[in-house]
Amino acid sequence: RDPERSRVWFEHALASARQCAALDPTNTRSQLEMSRYLIRLGDFLEVSSPEECLHCYQEAADIRAAVVAADPQGIEPRQLLGSAFCRLAEHFGACGDLDKERDYSQQAHSALLDAVNRAPNDADALYGLACTSARLQLVEDALSSLSRAAQLGWADADHAASDPDLATLSGLPAFSAILETMRSGQQG
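In our numbering, the protein residues as written are 157 to 344.
Treat each hint with caution, since some may be false.
Unchecked claim - Computed Cβ-Cβ distance ranges for the label pairs, DEER-style:
#, residue 1, residue 2, range
1, Ala323, Asp253, 31 to 41 Å
2, Asn277, Ala330, 14 to 24 Å
3, Arg185, Glu296, 32 to 42 Å
4, Arg174, Ser340, 36 to 46 Å
5, Arg185, Gly341, 26 to 36 Å
6, Ser318, Glu296, 19 to 29 Å
7, Arg163, Ala330, 14 to 24 Å
8, Pro228, Glu296, 38 to 48 Å
9, Asp259, Ser340, 35 to 45 Å
Just so you know, these hints were derived from the structure itself, not from any lab.
Please read all numbers here as calculations on a predicted model, not as lab measurements.
A virtual CB, placed ideally from N, CA and C, is assigned to each residue, including glycine.
Could you build all of it, start to finish, from the sequences and the hints given here?
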């Protein structure tokens, strides 16, 4: 694919999402959709323009934080906020700023823990919590959350095995057992 063409497509999609969100700023669905395009554009810009990438991730996090504030019961906005904080943590980790990496990892963990506390049977939220726990070296918490996610049907073992956020779990017998649970499709 042509990288410039892809960038232009993401920029147009983001502009359209901004227009939709501007029509009704209280529409949280529009706000979240705009934040998704910001994340995608940031992912695309990660290598070619780290400053623009950071701006996209930060704007997405700000939008998602505003949606969380406007929707105190929502689970999805908390998961998406955690995801935006994870992107920021990864960005700063790649830049060598370990203090900001840890700060954003902790913010991601907090957002995802809040989501899990509100929806304890949400496999996606549990998987995200496992990832942030592992990033923060909370190995037992990570294994517990990942095991629960697998029991609830999170079954992408190949993704989990290669997820850099879960790298600290690699080689642990409990992690291997959880991957086997995912592969076998066992649900609890």
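Structure-based check of all given hints:
1. Between alanine 323 and aspartate 253 the C-beta distance comes to about 19 Å, which lies outside the given range of 31 to 41 Å.
2. Separation of asparagine 277 from alanine 330 is about 21 Å and conforms to the stated range, judged on CB atoms against 14 to 24 Å.
3. Separated by about 37 Å at the C-beta atoms, arginine 185 and glutamate 296 satisfy the suggested range of 32 to 42 Å.
4. Under the hint 36 to 46 Å, the C-beta atoms of arginine 174 and serine 340, about 45 Å apart, fit the expected range.
5. Taking the beta carbon of each, arginine 185 and glycine 341 are about 32 Å apart, inside 26 to 36 Å as hinted.
6. Between serine 318 and glutamate 296, the C-beta spacing of about 22 Å keeps the proposed range 19 to 29 Å intact.
7. Checking the proposed 14 to 24 Å range against arginine 163 and alanine 330 shows it is violated: the Cβ atoms sit about 42 Å from each other.
8. In this structure the hint that proline 228 and glutamate 296 lie 38 to 48 Å apart at CB is violated, the actual value being about 30 Å.
9. The supplied range of 35 to 45 Å is met by aspartate 259 and serine 340, whose beta-carbon atoms lie about 38 Å from each other.
Checked against the numbered hints given earlier, this structure breaks hints 1, 7, 8; the rest are met.
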